[in-house]
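Asks: Could you build all of it, start to finish, from the sequences and the hints given here?
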Amino acid sequence: MPTMSEQILSRVAGRPVRAGDVVTANVDLVMVHDSLAPGIIRILHNELGADRVWDAQRVAVVIDHVAPAASVQTAEKQQEVRRWVRAQGIPNLFDVGRGISHPVLVEEGLAQPGMLILGSDSHSTAYGCIGAFGTGMGSTDIALALATGKTWLRVPETIVVRAHGTFGFGVGPKDLALRAARILRADGATYAAIEWHGVEHLSVMERMTLATLSIEMGAKAGIVPPTGLSVTGPLVPTVDADAQYQKVVDIDLSQLEPQISAPHYVDNVVDLSDLGQVAVDVVYLGTCTNGHYEDMAVAAQILAGRRLAPGVRMIVVPASAQALQRAASDGTLATLLAAGATIGTPGCGACIGRHMGVLAPGEVCVFTGNRNFRGRMGSPEAQIYLASPAVAAATALTGYLTDPRTVMDRNPVVAH
Amino acid sequence: MARVWLFGSDVNTDQIVPGRYAPYMLKDESELRRYPFIEHRPDFAPNVRPGDIIVAGKNFGCGSSREYAPLALRMVGIGAIIAPLFARIFFRNALNLGIPCFTADLTGELADGDEVELDLEQGHITTADGRVIHLPPPPLFLREVWAAGGIVPFYRQYGRFPGEVVQ
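Heads up: the sequence lines are chains A and B, in that order.
Counting from 213, one number per residue, gives the positions in the first sequence under this note's numbering.
Counting from 0, one number per residue, gives the positions in the second sequence under this note's numbering.
No lab work stands behind these hints: they were computed from the structure.
Only true hints are included.
Derived pair list, reagent style EDC-like, types lysine to aspartate or glutamate, alpha-carbon separation capped at 20 Å:
#, chain 1, residue 1, chain 2, residue 2
1, A, Lys362, B, Glu143
2, A, Lys362, A, Asp267
3, A, Lys459, A, Asp233
4, A, Lys362, A, Asp233
5, A, Lys362, A, Asp263
6, B, Lys26, A, Glu288
7, A, Lys459, A, Glu369
8, A, Lys362, A, Glu259
9, B, Lys26, A, Glu292
Replies: Here's what the structure looks like:
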């Protein structure tokens, strides 16, 4: 019986397909972001000779990678992208401040269960949070999909990460995903898809944490069954009891400790308690992995009525305008600001090291994002520790990497 | 002769071209040719010659979808990349750009700076001391793309995608 990838890819290939098959598939949605759009447009028109995208309704363009523009060059290129979007009649342009492509396409209802979604961004595995087959591709593949509405794929084998129980106090989806990376390693799911089972108690954006980090294990897609979500789409994939899996990884959530990915590789994961004292200069909460409303709320719960440690900067870049609005309306934002954090425009922030808080040589950052590669956020001499929003907020209070359970109130008063 | 440039495992695309050196960030995009391995291995770009080969450990090209990483390698004329495992997106991008990639672990057989002959037609490498190392042929559908010079010429020539069965 089919895996979720086989169910979805059979639909878009128009015939039953199995892992290992090489298929040409119809694409449901193509996402293009500002960083690569100018090159993609050039390939589409100049190399492929296509005047129009195949279906303007099925294209979404998001300005999130350098938003707002940080230089004359990036401003000019964004201007070129906006002109192109108008000329093509593409209705779905999400401009500066709307947020990161992945949460935005989910919030807008453009990404739906059962879809094949291609993005010009490796974290397009994110769309698995609502049961879509989302995958990242390079500029030429994206241009070909824009021209033809099709792509080619090898149907992946599937690795299941099966969660048992519920998270203990101070532990969450990021710890689960980093634990999976610790087990599977950076190449453990290469050419395969990951299915995340046993996580139906998580919200859509918490599921996005798992789906985005799937690429950090090499996965082609990272799919959470859309159990319990009020979303509809062309096909609702389900977990089949008889599906054939390449591997199953079992993780007991109740036994999970806060996990840290230490410099400079995402799979360099340890229990926080196994690290010595690590002094931190910058706490950075953001990205498609952990810049969601839920992540800001966890941080606010820890920071409520307290102040950042002297010498620590805390930068919060909401993943989307909706997340920011929700945080503003229920007091989460006010709590973060009162603690001394500052807020950036919703978008990718410093995740690609281009603007909005890049790191200096020797600086140490605890980051809720997805990559701690050398030089990722600025200087190659900076150190990036990936962690959960709870660890990030606890660290902001003390100035060194801190287990959130040591600073959290077990019975917080929840205002919202 | 081709020089061997030896790299370790898990070389990510931020190491190949940092995001700060993307075409998006440059006034003149042709500058990209100066930036492959700009921080990870600064002696690479000034000294690499057309036809040189990269021999790396597993998971070469992991990380971002940035096609400008393999594009920068194409701009300096890299003749082939040989690694026991390629990250998926990088492999597609390299294939699409027509850069030959071979799945083999030669990190124990070749040393950085070795001068070798690469025969793409026969699929082998001859070392300076006459050793011949055979490279495993990629699957047919990949060889077809490579033979066409990349995915765009392939698509323009055949009007279809690789692996598609035409009745």
